[in-house]
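When you get a sec, could you build the whole thing from the sequences and use the hints?
So the protein lines, in turn, are chains A and B.
Sequence positions in the first sequence follow our numbering and run 1 to 132.
Sequence positions in the second sequence follow our numbering and run 1 to 120.
These are computed hints drawn from the structure, not numbers from a lab.
Hints should not be assumed to be uniformly reliable.
As the list claims (entries may be wrong) - Only pairs whose alpha carbons sit at most 20 Å apart, straight line, appear in this in silico EDC-like list of lysine to aspartate or glutamate:
(1) A/Lys6 - B/Asp12
(2) B/Lys11 - A/Asp8
(3) A/Lys6 - B/Glu4
Single-letter residue listing:
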Amino acid sequence: MASILKVDAMQGVTSAGDITITGEGGSATMQLQQGLAKAWANYTTNTSTAINGSGSFNVSSLTDNGTGDTVVVFTSAMANDDFSYYGMNNSASAGASGSQKTTSQCRQVTYNSSIALADTNEISTSVDGDLA
Amino acid sequence: MASELRVNTLKDAAGANSVALSTVANGSAKAWANCSADGTSITDSFNITSLADDGTGLQTLTIASDMANTNYAGLATSINSFCTCIVDSHATGTYRAVTRNQSGTLTDAITQSALMGDLA
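Here it is in structure tokens:
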């Protein structure tokens, strides 16, 4: 029977930050909170540094650090700086990598095929880890 | 007391922002890891049991609860500028992260990786 649960918030019973869900195979389980992306953004650095449309979650602002160098600032901070984040650059023959992070932000650099810092029209960043 | 709730869809109390439980399950990262700059240890992780240092720039990570198949997506980024990191081999219980510098040479660096796909 189909069912719909209408709630504004969910918490674990034993531990507020620990809800278990069953995986697609129907047997393995995982912690819901750990698998959720804690922040993501799709943004441009071409003519200005800005979020593309409504393409972000838990991101309050972007800081332009210069050509191909952007700081993504979180709305709700991470618990520590051990989180993982990933960057993709949609330009051909180009790449993206991180450079530094704190609980409140991560830094993404993008470069061209000559391995020089370069702005681009679409960069995707996603963050996994623990919220504070 | 532990409890189990079986539902197909979640909505907020106003009945908006509907999301299917299948989307929650499919859209969640099934594992992620942040590994040290020397490539020998895990700084923080989820659903990862261990890291094997296979040599400079090569790390095999073992998944705690296996993936259902080898068709999952592996995301990876090095936190060192101009280093690239990819997931180059997929098994249900392990995956390998490969890191290279701007010259294309295998190098050790802080690596961050995540898996999107189906749990077994």
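Checklist entry - CA of lysine 11 of chain B to CA of aspartate 8 of chain A, is that 20 Å or under? => result Roughly 7 Å between the alpha carbons, so the hint for lysine 11 of chain B and aspartate 8 of chain A holds.
Item to check | Holds or violated: lysine 6 of chain A to glutamate 4 of chain B, with C-alpha atoms at most 20 Å apart | outcome: holds (16 Å)
Checklist entry - Holds or violated: are the alpha carbons of lysine 6 of chain A and aspartate 12 of chain B at most 20 Å from each other? => result Judged against 20 Å, a Cα distance of about 5 Å means the pair holds.
Consistency note: the structure conflicts with none of the earlier hints.
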